[in-house]
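Protein chains: 2
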Amino acid sequence: MLQSKLFLKTLKETPADADSINASYFVRACFAQKQMSGAYALLPLGFKVYKKIEKIVREEMNALGGQELLMNVLQPKELWVETGRWESAIDIFFKLTDSSKKEMLLAPTHEEQIIDIVRHHIKSYRDLPLALYQIQTKFRNEPRAKSGLLRGIEFVMKDMYSFHASEEDLNVFYEKSKQAYFNVFKRLGLDAKLVAASGGIFSKYSHEFQVLTEVGEDTIYHCDKCDFAVNKEIAEVKEGDNCPDCGGKILVSRGVEVGNIFPLKTKWSAPMNATFTDKDGKEQIFIMGCYGIGLTRSMATIVEVYYDSAKNKMVWPKEVAPFDVHLISLGENTEAEKIYDDLTKKGFDVLFDDRDTSAGEKFAEADLVGAPTRIIISKKSLEQGGVEIADVDGTKIVKISEIDL
Amino acid sequence: MLQSKLFLKTLKETPADADSINASYFVRACFAQKQMSGAYALLPLGFKVYKKIEKIVREEMNALGGQELLMNVLQPKELWVETGRWESAIDIFFKLTDSSKKEMLLAPTHEEQIIDIVRHHIKSYRDLPLALYQIQTKFRNEPRAKSGLLRGIEFVMKDMYSFHASEEDLNVFYEKSKQAYFNVFKRLGLDAKLVAASGGIFSKYSHEFQVLTEVGEDTIYHCDKCDFAVNKEIAEVKEGDNCPDCGGKILVSRGVEVGNIFPLKTKWSAPMNATFTDKDGKEQIFIMGCYGIGLTRSMATIVEVYYDSAKNKMVWPKEVAPFDVHLISLGENTEAEKIYDDLTKKGFDVLFDDRDTSAGEKFAEADLVGAPTRIIISKKSLEQGGVEIADVDGTKIVKISEIDL
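Top to bottom, those sequences are chains A and B. Under this note's numbering, the first residue of the first sequence is numbered 1, with each subsequent residue one higher. Under this note's numbering, the first residue of the second sequence is numbered 1, with each subsequent residue one higher.
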């Protein structure tokens, strides 16, 4: 893409109301615009990153055997009365009425609707296990909206729901889902820790995927040597204790919860009377699990981890970068356009800074765009024998005929 | 995909509340589930078709020079007060308040927010023209929700907004957008007619893209010989008149509006005081156009056009079909699996009916799934020399080694 055509107008100053690295970065770098507290529009650059995250999540959920669908934002009261959630969690719901005064809410989660879909269609153990998921904008009437895209009133989530004929089968799928989640976060460039959390009354534990960064709101006790990690809510250890698994030292950190998995069992399927016929012809309640990933929250977390505040510089992890390569042409030359065409033909997503502006402005904007590889072509680089290629491995001069990314 | 694993449970009977072909088809064929009046969940098969429509729309909008973004569903009152629309169109809005009693609405369209984004970022004629679009779930407090996915309270639209320094430049882009729209509808398998409609006080005309089918709600006067077509609202001809363009005969039809384009000019940018600096250094109001396509409505329209009610049979147009090929194996044989692997490796999206059910049931379900090509392998076909391939061109027996789609 030619930078002269891209919707990209960066800001030199940090927005006055930015309360976190990502809130400041996204607005300064023209990745997002704040519409109101907790609601951001994704501008073209931010949307590009978002779509790459979406692709990774989709691929891993499909590999896990999930089938994608798209449920509704508007939910009728009746469905939520069935589980008792219409009244119990009312404060965090956006409620509204339609033209005939019918009461509805904006879905913050979809257990009710997915159970309604499955109880209408699935009657036999032969059709189990089954995993259905969606990637969708969700809503939460959040009085403490803050931290940019980390805690919003409107955000994108992937929510998957699995249905099983037995707890054993749920357990098998639940363990597989952990690996799928690790795959997702690794591809996003996030080092997510599996943290035991409360399982409610039906299960001993649920699990959270926590990225340990300063902006995180959750307190996690974890071992310095092994994988032991537990959420504060249910922790039976404190800082400095010996790890119950390996004897190492217990540390404390604040985490960002980028995903969670929960063995629901019959928590919602029982009140909704969602049943199937087992192999002995007996009616049984569906055993369920649910599995969430915050897409926009993960995007914000990547910024919290990868943005270098001292250098005012972002470097996006390769798989989610808005562009593979930022090609920066300084001064007049005829080679840059050829390199752009050549790399584009090879399948690279290249942002070509073709504008007639100063080197300083070009580099400052490139620092905000955050492509993992930068190719600079200038009178100086040509005198030195070609172009300058800069990436995480450092900087080198490469002949134009030998550019190999 | 193996049919034994696919979320596909068809219904033999038409749902009692189905008021149109698509409402009946989508539910019977397990493409969608009705959640409440005007709100349908897209089940895995329906979601597959929807994603193919989305891909086509995205490709054509990108080719037109559009840059994709994603705006917000939740809109603050202040923005809509600026254009005067908070009060004027209040009946069709879903309004709600957040936890601090702040008034908001669920966006039915995005002129206000896109103008707000552009007036924050774009200051100079040098950055024009600019076209931004999104594909998003929209909401309309619709008391007459009906006809399945044709008229809902929750639906997916593509909305694009263009910004120009002059009316001449708007006109150039507006004409190009017509061709992009024809490309989209052609790829969707829809024969859309360009129909002149009211342009409001700023423009003589806007334009609608109408598919003439019985379920359509709009009355269109059009010529039997040339491209003349006009919406009833502004028609100065009646049925049987001579066409003012070519002298042909004027016919009357009810249309489904699958898209529209509108030369807004300064209709909303003026009240929002959205300005840029022109090449003479003078402040000017942005000249705008807006361009909509109903994605879920187009999906429903395809069913209205392609579903054969007499035969209870759907055949999806190739580019939007849920699967390229439906491979149906009857009785025991070892060849079907090999054909499935082979076609999948060649890049075809194949649904393989690997279930142990009757031929009658398999064919009835295949008629609902609606893949454009069907390959049947049975004892009979093998005796005749191979497999039976059925598509719009008819049926033929082909040797397994010579299957070539």
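Do not rely on the hints blindly, as some may be mistaken.
Repeated chains share a single entry, so a pair holds when one copy, or any two copies, can fit it.
Said to hold, decoys possible - Calculated pairs, EDC-like style, for lysine to aspartate or glutamate (alpha carbon to alpha carbon, straight line, at most 20 Å):
(1) LYS204 with GLU168
(2) LYS34 with ASP391
(3) LYS380 with ASP91
(4) LYS346 with GLU319
(5) LYS55 with ASP349
It is worth saying that the hints were derived from the structure and are not from the lab.
Hints and how they fare:
| no. | hint | in the structure |
| --- | --- | --- |
| 1 | LYS204 with GLU168 | within (15 Å within a copy, 68 Å between copies) |
| 2 | LYS34 with ASP391 | neither (31 Å within a copy, 51 Å between copies) |
| 3 | LYS380 with ASP91 | neither (62 Å within a copy, 64 Å between copies) |
| 4 | LYS346 with GLU319 | within (17 Å within a copy, 26 Å between copies) |
| 5 | LYS55 with ASP349 | both (16 Å within a copy, 18 Å between copies) |
Checked against the numbered hints given earlier, this structure breaks hints 2, 3; the rest are met.
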